[in-house]
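Novice: Here's the letter readout for the chains.
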Amino acid sequence: MTVVDPAPARAARATGRTAPRLRPGVREGAPRRGTARPRRSVLLTVATGVVLVYSLIPLAWLVINATKTQGSLFGSFGLWFSGPFALGTNVAETLTYDDGVFVRWLLNTLLYVVAGAGGATALAVIGGYGLAKFSFPGRRAVFAIVIGAVAVPGTALAVPTFLMFSRMGLTNTPWSVIIPSLISPFGLYLMWTFASEAVPTELLEAARMDGASELRTFAQISLPLLAPGIVTVLLFTMVATWNNYFLPLIMLRDPDWYPLTLGLNSWNAQAATAGGEAIFNLVITGSLLTILPLVAAFLLLQRYWQSGLAAGSVKE
Amino acid sequence: MRMAQAVIATGLPATTRRARRSWRGWGFVGPFMAVFGLVFLAPIAYSLYLSLFRQQLVGGNAFVGIENYQRALGDAQLWAAFGRVALFLAVQVPIMLGIALLVALAIDGGRLYGASFFRISIFLPYAVPAVVATLMWGFMYGTRFGLVGNIEDALGVALPDPLAPDLVLASIGNIVTWEFVGYNMLIFYSALRVIPTTLYEAAEIDGAGPWRVITAIKLPAIRGAMVVATIFSIIGSFQLFNEPAILQNLAPNAITTHFTPNMYAYSLSFSGQQYNYSATVALIMGLLTMVVAYVVQLRGMRKEA
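For the protein sequence lines, the chains are Y and G, in the order given. Residue numbering for the first sequence follows the working numbering, starting at 1 and increasing by one per position. Residue numbering for the second sequence follows the working numbering, starting at 1 and increasing by one per position.
In case anyone wonders, no lab produced these hints; they're calculated from the structure. Hints may be right or wrong, so weigh each one.
Not close to chain G: a few residues of chain Y, all C-beta gaps over 12 Å, as computed [what the hints assert, rightly or not]: (1) A86; (2) G88; (3) A92; (4) T96; (5) Y97; (6) T173; (7) V231; (8) D254; (9) W257.
Here chain Y is said to cover these stretches of chain G; the calculated rule only asks that three of the stretch's residues, wherever they fall, bring their Cβ under 8 Å from a Cβ of chain Y [as the list claims (entries may be wrong)]: (10) 41-50; (11) 84-95; (12) 118-128; (13) 162-173; (14) 266-273.
Here are the simulated distance ranges between beta carbons [claimed, not checked]: (15) A154(G) <-> L292(Y): 38 to 44 Å; (16) I57(Y) <-> I205(G): 42 to 48 Å; (17) P94(G) <-> G148(Y): 25 to 31 Å; (18) W175(Y) <-> I120(G): 33 to 39 Å; (19) L111(Y) <-> T215(G): 18 to 24 Å; (20) T215(G) <-> G211(Y): 53 to 59 Å; (21) V50(Y) <-> V291(G): 33 to 39 Å; (22) G30(G) <-> G148(Y): 17 to 23 Å; (23) I120(G) <-> G88(Y): 24 to 30 Å.
We treat Cβ as the ideally placed atom computed from N, Cα and C, and that holds for glycine.
If we strip away everything but chain G, and leave its shape as in the complex, we get (with noise of 0.2 Å):
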């Protein structure tokens, strides 16, 4: 501070500065930029050029065009994958945001005893690895050493398989939601918490109820919180790869190897070794993703005016 007056006091020609301010921002963000390229765009640009090349036994590669897109729109396995991820997506989602906003509301709102261990408790999970999330839930689901075995046991009855075939997909939405219940309550109760108490004071004074003042004051300010935290699981549920991979080991006849569409993808890059195709599928996903997160920006924000 000291020297911030000092400077003040003597002062430099405008132009100087103005000259200097010109290129060396590019000093900051040059190096993130420079990575960035490198893992980011230079993959990109890397798997675009891959999906228009097809491997050969003789010759190396053949550009082919068009050819990998129009083989993955006809590809039955990608379209089941992307369906299950979607089925995913619809059920999923709703339910864990719904939960977590629940509770941020809850906690919010002032009336639970001990909010702060609530808070942190339910957080916890998010600190928890996908791998160490999914190997508890496989070990407590299955029927030699898990949970659900010891409640047969003890009430006699027979319960469905939770990584039977028809059942693996709910069990794996059951895993994700505990890993990131907590994490989108602290987004949207973080959001919550910036709400200016004058809002509140007014809402008193026009003699609102809390069912009002949620309706009315507190879901329209969090808002684009739901949206940033419904686009991160829209990324999340189409992604989905950790869960399923690490369950196959347990669940290997519910399980296919193209069971999400990044599953397909890693498996035809690392079993099939085709690299051209896997790529294509690769993109073909991202495209999708971007395309559906940006529809729910969009209308997120339309809803806002």
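One chain only, chain Y, in its complex shape (with noise of 0.2 Å):
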């Protein structure tokens, strides 16, 4: 199997509490590689501008489209602003379109992140922590069969978890969007990995000879040493819960308890029904409030993703 670099965790324990990227030793901000640093390129930055200006341009065209009104939409070059500054007006508009329907949605979806992926970071928590710093029968056998499930397409699962929730008469309810979403198995081997490096196995023992139990052990000694593994687990089930298209899909008949994306799809979807109402500078109004809170979230917690994949980067 795999084994993935302790780096980040070495230097987490060296710290105490933050996620530093790298340990010493290892290259930090600009390379530091022998005497000579190696000059800039206006080249390279060019070329590699490129795939920024790739990246960037649908994101620039969404708030640009997004101060337009449905009627200026139409007929104006996608890439500047055209007709009134309708930014104010669309989200207002967007807010209180059909009863507000879009707050309710965005209400649900914090639900489904909240439980979703907050469980989902709980259970791999505790569950990746057992794996790596316990020796009990069966150890082996779990880590078959999660690594095992990782491959299993999610979407495959889709069908008969259906089923078996609407035997449950689950479906169509908030549990059938939440409970799939509590297992991520990447967050699970991804603290596994975390743990077996940040929490000393002698810092353990000792807290065990102390008498103390082991909530108490993991609760007071290894919660703290694990803090920047977890805001990663989180960050990841977070974009998983909150972008997730599939899965509410097939559980979820009722538009009251859709998420953001299935709204978002049924407002495109509306403009194409018959006598439906094309409202395309809401939609485009409320994808970008649905991206905002991500994107916000991405850009502030940056060190602690960074540092979450750094550990999750397999080496051999």
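Hints are included, so try docking the two chains, each in its own frame, into the full complex.
Specialist: In structure tokens, the structure reads:
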């Protein structure tokens, strides 16, 4: 199997709480290789700039078009402002259209993220910790099953899960979205590798000999050491639940339980139905409002997910 | 720490510690495995069961053995859909991973102006839900108020319609590439950052140039990350659903209900009520995905040795 680089964990242990990206001896910031630092290259910057522009143009398009009225969306150049500056009215209309159903979808999404991603993170953290720090009967089997599960396409499970849940009477309830979101094999794997490096076994042994219960040892000694890994897993499970489309599409019939992703698509599809009102300006503004929280979270918590990804990057 | 030191001084019999070690790990792993059993293992077992039966108008489920599997093997729609995602996999994944690798090497090489701005901006699309990404690109593809229409008007030329049947797969490939280039770039970049500096120092003493450093040090060092990224991309390609399903509103003629295997399984279940056959299709796709992912992993690891 693969071995994960322990760098961030080790660095985290050295400094206590934060997640510095790299351990000593590994490059940090500008490369310190040998004497000469490589000269910056305009050509390379421009070449990479092409990818940068490609990445940002759709987002720029979204921001620009969120300022247009339904009328000026048509027949104006997509990448520049046109017509009256309607961002304010668009936002207001998005939030109030159809008795404020967008706000309802936003609250649903928050519920799914808090319960689903929060629960998934909690399960992954305690599970990963258990796998990393205890030897128990069946540990190898757990490893094999969970690693195997990563390769199973999530959507292959969706139909049977729907049929099971519908027998249990869970479909069309928030539970049908929350329960399957609770399992993140990737999160478990990430926490496992993180915990095996970040929590010194001697420290646990010592606490146990002192008579501390396992729960207390975990809560008071291990949990603080695991903090950087927890934030990373939380970010990735948050993105997964916030962006989830297929699972709620299958499970939910009632628009009152839709998350934002399903709701936006139903607004978009509305234009295609007979007699449906085309509300592309609301679809676009709603899309912008949907991505803002995640973009903000990613920008603010950069250092965490970067250290987490470094922990997940596999070396042989 | 203080507690730890105090404890080492007192000590406990080793036997007690070993005895306590045995089952208590399950207290931590148990909750995960319980939910895992409910949402992973039970559905797999249930779909295995479903795939062996057939729903009948009269008399409920009838055991049919491998009949559903035989039907799947001869199902032209399923294999056309499979061929489509296989083509997608063969073209889109190398392009996406190639761009991601080049950008990661460029950012890691320290020769870019504003490297961290590049890193964050190119990663940003990962935070955009597939629904929003598809709607955005779908609008931009459109001739009504899209960029394609703008360019046609501005230049007075007729561009091929990105949502036409023969181009729509490429247009979906572009959306998926846009969403995941940054994510894969970051996986490669993170792996590059943990290469020990001593290797570079040694290379410099040996007089190795930048290309030699890349081919002899960097690429071999991140092979594991490349295998992982490839496997995730393979799984993603075989599961392709969101982008074509959402684009269907804008291109109903180009995207059929059996455009990808997953869309096929979905429409079998939710439009056709053919749950048993749908479960069979899902199982076959899952199995094929696992086989391909496993082969890639074996090949990737063998080259390592």
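Novice: Determine whether the non-interface label on D254(Y) survives the test: each CB of chain G must be over 12 Å from its CB.
Specialist: 15 Å, holds
Novice: Given the hint of 53 to 59 Å, is the C-beta distance from T215(G) to G211(Y) inside that range or not?
Specialist: 57 Å, holds
Novice: Taking C-beta pairs only, is G88(Y) more than 12 Å away from all of chain G?
Specialist: Since the minimum Cβ distance to chain G is about 21 Å, G88(Y) lies beyond 12 Å and the statement holds.
Novice: Assuming the hint says 42 to 48 Å, is it satisfied by the Cβ distance from I57(Y) to I205(G) or not?
Specialist: 44 Å, holds
Novice: If I claimed the Cβ atoms of I120(G) and G88(Y) lie 24 to 30 Å apart, would that claim hold in this structure?
Specialist: 28 Å, holds
Novice: Given as covered by chain Y, does the stretch 162-173 of chain G meet the bar of three residues or more with CB within less than 8 Å?
Specialist: violated (count 0)
Novice: Taking 12 Å as the cut and beta carbons as the points, is T173(Y) off the interface with chain G?
Specialist: Its Cβ never comes within 12 Å of chain G, the nearest being 15 Å, so this holds.
Novice: Examine the stretch 84-95 of chain G for residues whose CB is less than 8 Å from any CB of chain Y, and state whether their number is three or more.
Specialist: Answer violated; 0 residues pass the 8 Å Cβ test.
Novice: P94(G) and G148(Y), beta-carbon distance inside 25 to 31 Å?
Specialist: 26 Å, holds
Novice: Should the hint that V50(Y) and V291(G) are 33 to 39 Å apart at their CB atoms be regarded as holding?
Specialist: 37 Å, holds
Novice: How does the Cβ-Cβ distance of W175(Y) and I120(G) compare with 33 to 39 Å: does it lie in that range?
Specialist: Given a distance of about 36 Å, which is inside 33 to 39 Å, the answer is holds.
Novice: At least three residues with a C-beta closer than 8 Å to a C-beta of chain Y: is that true for the stretch 266-273 of chain G?
Specialist: With 3 residues in contact (Cβ-Cβ under 8 Å with chain Y), the coverage given for the stretch 266-273 of chain G holds.
Consistency with the previously given hints fails for numbers 11, 13, 15 and 19, ordered from lowest to highest.
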